[in-house]
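S.K.: Residue numbers in the sequence shown follow numbering that gives the first Met the number 0, run continuously in steps of one, and reach 182 at the last position.
Everything labelled a hint here was simulated from the structure, so no lab data went into it. Glycine is no exception: its CB is placed at the ideal position from the N, C-alpha and C atoms. Treat the hints with care, as some may be off.
Unchecked claim - Just the calculated beta-carbon pair ranges, DEER-fashion: (1) LEU160 / GLU62: 36 to 44 Å; (2) ILE128 / VAL13: 35 to 43 Å; (3) ILE61 / ASN154: 33 to 41 Å; (4) GLY42 / VAL13: 36 to 44 Å; (5) ARG26 / THR57: 26 to 34 Å; (6) PHE55 / ILE179: 18 to 26 Å; (7) PHE122 / ASP151: 39 to 47 Å; (8) ASP151 / LEU12: 23 to 31 Å; (9) LEU132 / THR57: 32 to 40 Å; (10) HIS155 / TYR135: 38 to 46 Å.
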Amino acid sequence: MWREIVGVVTQLLVATPKAWKDIYRERRSQGEFLNRYLHPMFGLIAFTSFIGGLLFSTNGSIESALKQAITGVVAVYGGYFIASYVLNETAEKFSLKKNMPMFKKYVGFSSVVIYLLYLIIPFFPNFIILWLLAIYTIHLLYTGAQYYLKVDKENHLNFTLLSSAVILFTPAAISLLFSIIIK
Numbered sequence: 000m001w002r003e004i005v006g007v008v009t010q011l012l013v014a015t016p017k018a019w020k021d022i023y024r025e026r027r028s029q030g031e032f033l034n035r036y037l038h039p040m041f042g043l044i045a046f047t048s049f050i051g052g053l054l055f056s057t058n059g060s061i062e063s064a065l066k067q068a069i070t071g072v073v074a075v076y077g078g079y080f081i082a083s084y085v086l087n088e089t090a091e092k093f094s095l096k097k098n099m100p101m102f103k104k105y106v107g108f109s110s111v112v113i114y115l116l117y118l119i120i121p122f123f124p125n126f127i128i129l130w131l132l133a134i135y136t137i138h139l140l141y142t143g144a145q146y147y148l149k150v151d152k153e154n155h156l157n158f159t160l161l162s163s164a165v166i167l168f169t170p171a172a173i174s175l176l177f178s179i180i181i182k
């Protein structure tokens with residue numbers, strides 16, 4: 000399973016159009032997608048957030064580590080569900096059919112850079128400039144809209160802009176909100 004996850008992540012980062020074509024052809028079920036990719040990724044985010052909060056945080060305690068792990072998982076999970084819902088509900092404006100499982104896969108796979116950042120950042124809490132790498136998500140979304148969702152050319156840019164805004168800013172907003180509420 001982990002080898003498969005590393006393969007998917009590597010392919011999305013290095014050979015993006017080929018990865019999206021493979022994802023489109025693959026037709027894995029929603030359960031397989033969740034159990035063999037998304038949930039293990041979120042579990043790994045929780046683990047690294049806990050370890051990073053325990054060992055690399057200025058207030059390295061069990062309490063701060065648990066808060067950091069909860070904040071990280073809620074941010075990526077909440078961002079995933081909100082982005083999937085928003086894209087599904089606005090699909091008809093972009094000449095697409097509503098298809099929640101398809102949009103969940105699109106959001107889950109295209110958020111790979113954000114997930115990797117949530118894996119790495121706990122070990123480098125003061126290295127905020129790493130978040131600039133999230134900009135690569137726009138390329139993943141653009142390519143995924145073309146090869147996976149098959150968005151037509153006149154709606155392609157607008158759909159990419161909407162999906163980029165939702166996918167990039169929702170986890171950040173949830174994380175900010177939770178960090179204010181929990182602390």
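S.K.: Can you list which hints this structure breaks, lowest number first?
M.R.: Numbers 2, 3, 4, 5, 9 and 10 - these are the hints that the structure violates, sorted from lowest upward.
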